[in-house]
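Enquirer: Sequence:
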Amino acid sequence: MKTVYDRLKPDILASINKDQQRYPYSTRALKIKLKSSYDWTELTIGNVNSIITHSHINLVDICQTDFLWGDRFLIEC
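1 is the number of the first residue of the sequence shown in the working numbering; add one for each residue after it.
Heads up, a few of these hints could be off.
The calculated DSS-like cross-link candidates involving lysine-lysine, where the alpha carbons are at most 25 Å apart (straight line), are [said to hold, decoys possible]: (1) LYS9 to LYS35; (2) LYS2 to LYS33; (3) LYS2 to LYS35; (4) LYS18 to LYS2; (5) LYS33 to LYS18; (6) LYS2 to LYS31; (7) LYS35 to LYS18; (8) LYS9 to LYS31; (9) LYS33 to LYS9; (10) LYS18 to LYS31.
Across the chosen pairs, the derived CB separations fall in these ranges [stated by the list, open to error]: (11) TYR23 to ILE45: 31 to 41 Å; (12) ILE62 to SER26: 13 to 23 Å; (13) ASP61 to PRO10: 15 to 25 Å; (14) PRO24 to GLN64: 28 to 38 Å; (15) THR65 to TYR38: 13 to 23 Å; (16) GLY46 to GLN20: 12 to 22 Å; (17) HIS56 to TYR25: 28 to 38 Å; (18) GLN21 to THR65: 12 to 22 Å; (19) VAL60 to MET1: 25 to 35 Å; (20) ASN58 to MET1: 11 to 21 Å.
No wet-lab data here; the hints were simulated from the structure.
Glycine included, C-beta positions come from ideal geometry on N, C-alpha and C.
Kindly generate the complete structure, drawing on both the sequences and the hints.
Expert: This is how it looks when you write it as structure tokens:
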């Protein structure tokens, strides 16, 4: 079974990785959580907020399904 980290869309993962040099603590903590979670619903609001922040997507461009189920961030299996 793939983790949430494995299911991230390539552009989202690239954006998180790019931020790792500038924000090492928050990106490392986020990656650890994503690699240990198998479903989007295991993530906290704070984790989802970190994904949105490191994705550099404007919050007003995110709909409810993106927030609740990760539609904008995950590759469909």
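Enquirer: Each of the hints needs a verdict: does it hold here or not?
Expert: Against the structure, the hints:
Between LYS9 and LYS35, the direct Cα distance comes to roughly 14 Å. Compliance with the 25 Å bound is thereby established for this hinted pair. Between LYS2 and LYS33, the direct Cα distance comes to roughly 13 Å. Compliance with the 25 Å bound is thereby established for this hinted pair. With a CA separation close to 9 Å, the supplied pair LYS2 and LYS35 stays within the 25 Å bound. Restraint check for LYS18 and LYS2: satisfied, since their Cα atoms lie roughly 22 Å apart, inside the 25 Å limit.
With a CA separation close to 18 Å, the supplied pair LYS33 and LYS18 stays within the 25 Å bound. Between LYS2 and LYS31 the alpha-carbon distance is near 14 Å, which keeps this suggested pair within the 25 Å criterion. Taking the CA atoms of LYS35 and LYS18, the gap is about 17 Å. The hint holds against a cut of 25 Å. Distance check on the hinted pair: LYS9 and LYS31 sit about 14 Å apart at the alpha-carbon level, within 25 Å; holds.
For the suggested pair LYS33 and LYS9, the alpha carbons sit about 16 Å apart, so the restraint of at most 25 Å is met. With a C-alpha separation of about 13 Å, the suggested pair LYS18 and LYS31 falls inside the 25 Å cut-off, and the hint holds. Taken as a hint, the range 31 to 41 Å is violated for the pair TYR23 and ILE45, whose Cβ atoms sit roughly 19 Å apart. For the hinted restraint 13 to 23 Å between ILE62 and SER26, the CB-CB distance of approximately 19 Å keeps it satisfied.
Judged by the Cβ atoms, the range 15 to 25 Å given for ASP61 and PRO10 holds: they are separated by roughly 19 Å. Range check, PRO24 to GLN64: Cβ separation about 32 Å, and the 28 to 38 Å hint holds. Look at THR65 against TYR38: about 19 Å separates their beta carbons, and that is inside 13 to 23 Å. Taken as a hint, the range 12 to 22 Å holds for the pair GLY46 and GLN20, whose Cβ atoms sit roughly 18 Å apart.
For HIS56 and TYR25, the hinted distance range of 28 to 38 Å is not satisfied, since their beta carbons lie about 18 Å from each other. For GLN21 and THR65, the Cβ-Cβ distance of about 32 Å falls outside the hinted range of 12 to 22 Å, so the restraint is violated. The hint said 25 to 35 Å for the Cβ distance between VAL60 and MET1, and at roughly 33 Å that hint holds. Between ASN58 and MET1 the beta carbons are some 32 Å apart, a value that contradicts the proposed interval 11 to 21 Å.
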